[in-house]
Amino acid sequence: MADRVVTLNHGAGGETMRRFITKLFVEKFANPALNTLADAALIEIEKSRLAFTTDSYIVKPIEFPGGDIGKLAVCGTVNDLAVMGARPLHLSVGFIIEEGFDLSMLERIVHSMSEATRAANVEIVTGDTKVVPRGECDGLFINTSGVGACPLGKGLSSAPIGEGDAILVSGTIGEHGMAILTAREGLKFQTRIESDCAALGGLIESVLNECDGVKWMRDATRGGLAAVLSELVESQPFGALIEEQAVPVRDDVRTVCELLGFDPMHLANEGKVVMVVRGDQRQRALEVLHANDLGRQAVLIGRITGDGKGIVRVRTEVGGIRRLQRPAGELLPRIC
Amino acid sequence: MKVLTALRNADAVRHVAREIAEVKLDRTVRLMEVCGGHTAAIYRFALRDLLPEWVELVSGPGCPVCVTANDFVDRSVALARQPNVTIATFGDLIRVPGSSRSLAEVRAEGGDVRVFYSSADALDWAIQHPERIVVFLGIGFETTACTLAATLKSAVQDNARNFRLLSSLKTMPPALSALFSAPDVKVDGLILPGHVTTVIGTACYEFIPSEFNIPCVVSGFEPLDLMETILKLCQQLAEARASVENQYRRVVHAEGNPQAQVLMDEMFEPADVPWRGFGVIPGSGLAIRREFADWDAERIPVEVEPTREHAGCRCGEVLRGALHPTECPLFGKSCTPDTPRGACMVSAEGACAAVYHFSPVEHG
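Taken in sequence, the protein lines are chains Y and E. Those letters in the first sequence? Residues 1 to 336, per my numbering, in order. Those letters in the second sequence? Residues 1 to 364, per my numbering, in order.
Hints were generated in silico from the structure; no laboratory data involved. Ideal Cβ positions, reconstructed from N, Cα and C, are used throughout, including at glycine. A portion of the hints provided could be inaccurate.
Lysine-lysine pairs mimicking DSS-like chemistry, simulated, CA-CA at most 30 angstroms apart [unchecked claim]:
no. : chain 1 : residue 1 : chain 2 : residue 2
1   : E       : Lys333    : E       : Lys186
2   : Y       : Lys28     : Y       : Lys188
3   : Y       : Lys215    : Y       : Lys130
4   : Y       : Lys309    : Y       : Lys47
5   : E       : Lys333    : Y       : Lys28
6   : E       : Lys333    : Y       : Lys23
7   : E       : Lys153    : Y       : Lys309
8   : Y       : Lys60     : Y       : Lys215
9   : Y       : Lys130    : Y       : Lys60
10  : E       : Lys2      : Y       : Lys188
11  : Y       : Lys47     : Y       : Lys28
12  : Y       : Lys215    : Y       : Lys23
13  : Y       : Lys23     : Y       : Lys60
14  : Y       : Lys309    : Y       : Lys23
15  : E       : Lys153    : Y       : Lys188
To give an idea of the interface, some chain E residues facing chain Y are shown, with a C-beta separation under 8 angstroms as derived from the structure [claimed, not checked]:
no. : residue
16  : Val13
17  : Arg48
18  : Arg290
19  : Phe292
20  : Pro360
All chains, full assembly: derive it from the sequences and hints.
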């Protein structure tokens with residue numbers, strides 16, 4: 001199905017989106033920097049190495065518990081640069097605004113972006129604004145691009161990932177996905193779940209500067225931890241084994257997941273980084289993460305394995321082993 | 001969450017697993033989980049890893065998305081293509097391929113298809129949008145049927161005439177009767193659906209042990225619930241007896257939920273409906289009562305394409321427990337959760353999707 005037209009599945013962060021991007025865009029635009037499909041391209045200009053990234057932000061509701069589209073646009077782009085081992089420096093911003101959009105909300109969003117850039121120590125140095133007739137876009141879309149200098153400190157290790165490497169996550173997962181879902185659908189619970197939206201440049205910089213053996217990292221956005229880990233092992237001569245009990249999930253997020261039939265590992269995050277660290281450095285990496293507010297709840301969640309190549313496996317709470325896959329398309333609530 | 005933590009206690013689960021292993025049965029026993037929620041839980045917690053080899057778990061017809069026949073999807077697709085109609089649904093139904101289209105594709109082509117978290121929300125939306133005819137897709141078993149009965153009653157009381165229900169609601173006991181009458185179904189014990197039994201009570205299953213000599217246990221959905229249920233079934237088999245037991249006593253009562261039953265009777269009447277994999281099962285559906293015909297989406301005139309099944313799709317046999325998902329030639333090859341050829345690969349509670357997502361080996 002879904003070969004005749006683009007469906008929401010093509011943008012949902014799952015397997016369909018991955019194939020869509022690979023088959024359509026990467027084949028047509030192919031070049032070494034793009035082909036890696038990393039969060040940012042590493043490019044050389046006049047012997048300087050830069051990381052370069054772009055992302056578009058479309059979120060409903062535009063303002064949500066814990067953030068808004070503007071903060072998200074800054075943090076998301078900063079994080080995409082930081083996980084490549086780059087120090088985020090300069091951003092561009094493009095606004096596509098629907099006629100009739102509330103000006104005071106736009107002012108709040110711009111203010112929020114300004115605060116986010118200050119917190120992340122980056123500058124918006126160029127921008128663009130388009131206003132489109134009513135009905136031609138859904139309120140407000142924002143595109144941000146960013147450049148960063150790299151390598152940062154000792155940079156990401158060039159040592160190959162292999163058996164015994166540790167997999168860490170910088171804190172509790174699923175809050176952004178659940179905050180958006182509950183705000184969008186008007187689901188009312190006793191506790192208000194807030195997005196974890198945050199810029200991780202400082203946290204990542206401290207880990208890279210103070211810890212040897214950080215080999216790989218990604219921020220776990222759309223598709224959540226499951227998508228990031230699938231990307232890590234895909235077509236690789238190693239697998240990953242995750243201890244489900246070790247994966248940190250707030251009680252309120254877990255409860256709503258239980259009610260709706262979601263796996264927290266499929267939910268989006270906007271302030272969490274997943275790292276692969278050499279086994280003997282995991283404790284050091286955790287110490288550095290714990291010293292930062294954004295990494296206070298960082299934990300070891302699993303390890304790289306020599307078997308189960310190309311597959312992420314989960315040891316469940318009760319001790320069985322199952323596979324962890326990317327979510328297939330949109331997350332939909334179960335029926336009963 | 002404390003209750004959940006206790007019901008997921010690894011030591012307690014392992015203890016029950018040992019008790020199961022100690023039951024002396026010198027043959028393979030096939031236990032069927034009827035409910036898609038059980039299928040999902042068994043795979044999600046990887047419970048098979050904890051069971052002795054002689055316990056085989058097979059999935060049955062308890063996933064509401066999976067048993068919804070293609071002609072219902074085709075009718076929904078045809079309605080979604082009407083300019084004044086909004087299709088309201090929940091769950092994975094929008095991704096199930098009909099004869100030529102899924103609802104997700106119709107949405108991409110401009111059809112108004114919306115996912116709601118409850119039928120009451122859809123009714124509210126309908127009341128706020130009187131210019132639209134809002135058709136709620138009623139699929140599910142008794143658990144869902146009673147909530148839809150309540151929504152339908154509200155729509156009637158509020159005189160919300162732009163809200164319609166397209167019912168493919170089903171009742172579980174007739175399907176189980178049909179299942180055990182099928183010659184290709186071999187089941188030694190039945191894990192009965194917890195949520196459905198909350199509504200209908202346990203007495204309606206008595207025919208299964210008495211007519212078919214098959215042990216039955218109503219089960220909850222947590223790992224400890226399911227392991228205890230499996231233990232109870234193995235004990236019945238070891239003692240060569242067959243009866244209906246209730247493991248899910250904290251929720252399920254023998255008489256069910258009389259209020260919900262009255263409400264369903266008030267709004268619906270039994271009907272002969274088609275099930276994927278079973279054909280038409282007499283009296284197994286819930287149609288909207290004639291006096292509420294104004295709220296029945298069946299009465300919206302619309303041209304529905306001729307129904308056809310997808311070539312090679314073996315969902316029907318999977319739903320009867322006659323075929324393991326990996327035995328289907330399409331499984332993991334042309335049929336994956338992203339390119340489903342059949343409903344069992346779409347639903348979060350479908351057997352094929354569960355095997356594809358959770359089996360710790362590579363497919364295809």
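How the hints compare with the structure:
1. Lys333/E - Lys186/E: 28 angstroms, holds
2. Lys28/Y - Lys188/Y: Since the Cα atoms of Lys28/Y and Lys188/Y sit roughly 45 angstroms apart, the hinted pair is violated (cutoff 30 angstroms).
3. Lys215/Y - Lys130/Y: Given that 30 angstroms is the threshold and the Cα spacing comes to 41 angstroms, the pair is violated.
4. Lys309/Y - Lys47/Y: 37 angstroms, violated
5. Lys333/E - Lys28/Y: 26 angstroms, holds
6. Lys333/E - Lys23/Y: Answer holds: Lys333/E to Lys23/Y is near 18 angstroms, not above 30 angstroms.
7. Lys153/E - Lys309/Y: 54 angstroms, violated
8. Lys60/Y - Lys215/Y: Violated - the C-alpha atoms of Lys215/Y and Lys60/Y are around 35 angstroms apart, more than 30 angstroms.
9. Lys130/Y - Lys60/Y: The hint holds at about 20 angstroms.
10. Lys2/E - Lys188/Y: 21 angstroms, holds
11. Lys47/Y - Lys28/Y: 27 angstroms, holds
12. Lys215/Y - Lys23/Y: 28 angstroms, holds
13. Lys23/Y - Lys60/Y: 28 angstroms, holds
14. Lys309/Y - Lys23/Y: Judged against 30 angstroms, a Cα distance of about 24 angstroms means the pair holds.
15. Lys153/E - Lys188/Y: Roughly 24 angstroms separates the two Cα atoms, so the pair holds.
16. Val13: 4 angstroms, holds
17. Arg48: At 7 angstroms from the nearest chain Y Cβ, Arg48/E passes the 8 angstroms test, so the hint holds.
18. Arg290: Since chain Y brings no Cβ nearer than about 27 angstroms to Arg290/E, farther than 8 angstroms, the hint is violated.
19. Phe292: 22 angstroms, violated
20. Pro360: 5 angstroms, holds
Checked against the numbered hints above, the structure breaks hints 2, 3, 4, 7, 8, 18, 19 and satisfies the rest.
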